[in-house]
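Q: Please build the complete structure, drawing on both the sequences and the hints.
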Amino acid sequence: EFFHQEYTNIFQPGLIDEEELGRTLMDIEPKIRAEDFTTMGDAVTEVEVKLAIKHLADQKSPGHDGIFAEFYKNFRVR
2 EFFHQEYTNI FQPGLIDEEE LGRTLMDIEP KIRAEDFTTM GDAVTEVEVK
52 LAIKHLADQK SPGHDGIFAE FYKNFRVR
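Once you know that position 22 of the sequence shown is 23 in the numbering used here, the rest is easy, because the numbers rise by one and skip nothing.
One or more of the hints may lead you astray.
Below, a list of computed lysine to aspartate or glutamate pairs in the DMTMM-like style, where the Cα atoms sit at most 25 Å apart [unchecked claim]:
(1) K55 <-> D43
(2) K32 <-> E19
(3) K51 <-> D66
Please keep in mind that the hints were generated in silico from the structure rather than gathered at the bench.
A: Here it is, written out as structure tokens:
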């Protein structure tokens with residue numbers, strides 16, 4: 002009962018103070034550096050894909066595609 006009441010209070014719909022939200026969001030530092038934006042539109046290279054597959058963690062939940070990292074690692078083109 003305690004947990005039910007606590008989570009009911011936490012996830013209760015409420016009004017959002019949009020001005021306060023705006024101030025909060027303005028204070029958050031961007032995670033991507035400005036100089037990185039220049040390369041974001043570039044094509045992904047084969048080397049980058051192979052490196053990303055190599056660094057995938059084993060025995061983790063599959064991604065959005067439903068495929069485990071081990072599949073990509075075992076069936077990658079060498």
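Q: Each hint should be assessed against the structure and marked as holding or not.
A: Cross-check of the supplied hints:
1. K55 <-> D43: The given pair, whose Cα atoms are some 21 Å apart, holds under the 25 Å limit.
2. K32 <-> E19: 23 Å, holds
3. K51 <-> D66: Between K51 and D66 the Cα gap is close to 18 Å, so the pair holds against 25 Å.
Checked against the numbered hints above, the structure breaks none of them.
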